Amino acid sequence: MGGTSFIERYSIKKQLSITFIMMMALSIGMTVLTLGAGGYWLYAADFLRPANHYEQEIPIIEAYVKQHGEELLNVSARDALEQVISLGGIQYQIMDVRGAFKYGSIEMPLISNNEALIEKINTTTISDASLGIGGVITKVIPITAAEGQWRGAMLLQYKMEVSSSSKASRLLLVLVICLLFASPFMYIALFTWLFATKLGKRMNKPISELIHAAKRIQKQDLDFSISYAANNEIGILSQSFESMRQELKNALLREWKMEQERRDMMDAIAHDFRTPMMIIQGNVELLTEVTELTQERLHNHLRVIEHNVRRVNRLFQDIQVVSGKDLEYFPFGLEKVDLPTFIDMKEHEIRYLCASKQVGFKFSIEERRRLQDSPIYMDMQRIGQVLDNIISNSLRFVPAHGEIDGRVILYDGLIQFEICDTGPGFDLKDIPFLFQKFYRGEKGQSGLGLYTASIIVEKHGGKIEAYNRAEGGACLVFTMQTTLQS
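First residue of the sequence shown? That's 778 in this note's numbering, and the numbers climb one at a time after it.
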């Protein structure tokens, strides 16, 4: 996948933190630049006036009042005066010494008498200030005659706030200010999209490779490698995926090798079947055709047949070992069972098998149910197969005149079969693997029979266990449910 970037060396959590910090830093920086540039442009283009704009005009108005004096008390001086005063932001009122209104943009009398006027003369008051900032400024300027006598006063009112100039419409100003104040959110949205897109592409690259790798594995194509080596969660996942791919490849190679070995062995066994079968067939045909044979010749032919039958049996055992049966998918037919009848039938069959080996056998039923007439459901044929496999396994190791004991214990909803013998018992190292497919202990027995038994018991919702008795001998116990009906 090529080299990794600097930020990919960090964990995803740290990448997200760094991305967020960079996004906020750039948003704040661009917002400050935008507000500064926007404010400078508004002031430089005279679209926006500072809060003290009208306050800066007061000295000019005061100089005009001092120059024209009592002439301003005449209404005829109004037009010339209003050329000096910016009526868009400053309101005024001319009054005589009694506080009587003469003219002005403020028509409502603000000072009622001479005493009130004297208190306000040469003063500046602030009203409607918010948190001590801005507000309405009221300033009273005296009007004097040329000889210095006091003749009246001019009252000026203006607001200490940012305002637009006559060059810019109010709508345009509001629009520009809204854009400036919206700029932080616009920058946050922009940089969030940019960084999220970049982060998504950076993370999507290894994830896409993992998805592609998973599809190749699904097609059993393992001839590839994942080289994303960043020291983060995705990098660790990629390395783990690569390890899994390598292990799967090795496992498949081993499986393919074992399968090929099984096929080769099956071919060899199939070939080896021909010789003993031909010998058996020849001897049988000879015995059929020749009616008069001496006892010695008859015995010899039978001994040859017996020997080759044993060879065939060994070949069947070999087939059992190398077969690839999928025992997990046995068909099952659960039915209501008459347990005493079933146990009696199996006991007769097992006694016949044991008699040929001079081994004793006994079967007992122990009732521990509260409801003794509750029905029992199981697959009799399959459970009989389990018992046959266990008994056959015991008969291989129990010496002559030995004993095999079978016990059935009934519980509410459960049934337990316990088969114990007086043989040498299991090798302790073999017990954990007895129910594995194709497992062979040092004594040479195939694990296929016990593996089949374990699958059947599990299908009945139970489990099977093996252990050695303290007094000697092996025991196999399996417990399963009796209430399953499907």
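Simulated from the structure, these hints should not be mistaken for lab results. There may be inaccurate statements among the hints.
Mimicking DMTMM-like on lysine to aspartate or glutamate, the simulated pairs with C-alpha atoms at most 20 Å apart in a straight line are [what the hints assert, rightly or not]: (1) K1206 / D1189; (2) K982 / E1024; (3) K1026 / E1010; (4) K1134 / E1124; (5) K978 / D998.
Label pairs and their calculated CB-CB ranges [said to hold, decoys possible]: (6) P886 / N851: 18 to 26 Å; (7) G912 / I798: 35 to 43 Å; (8) K790 / S985: 18 to 26 Å.
Treat the numbers as computed from the prediction; the structure is a model and nothing was measured. Positions of the beta carbon are idealized from the N, C-alpha and C atoms, including for glycine.
For this session: Take a quick look at whether K1134 and E1124 sit within 20 Å of each other, Cα to Cα.
Result: OK: K1134 and E1124 at ~15 Å, within 20 Å.
Problem set entry | C-beta pair G912, I798: status relative to the range 35 to 43 Å that was hinted | holds (41 Å)
Exercise. Under the criterion that the straight-line Cα-Cα distance not exceed 20 Å, is the pair K982, E1024 satisfied?
Worked result: Given that 20 Å is the threshold and the Cα spacing comes to 24 Å, the pair is violated.
Exercise. Holds or violated: are the alpha carbons of K1206 and D1189 at most 20 Å from each other?
Worked result: violated (35 Å)
Problem set entry | Agreement of K1026 and E1010 with the hint, judged by alpha carbon distance not exceeding 20 Å | violated (24 Å)
Problem set entry | Supplied distance hint 18 to 26 Å, evaluated on CB atoms of K790 and S985 | holds (22 Å)
Exercise. Is 18 to 26 Å a correct range for the gap between the Cβ atoms of P886 and N851?
Worked result: holds (19 Å)
Problem set entry | Given pair status - D998, K978, alpha carbons within 20 Å | Violated: K978 and D998 sit about 27 Å apart, past 20 Å.
In the structure shown, a violation is registered for the earlier hints numbered 1, 2, 3, 5, in ascending order.
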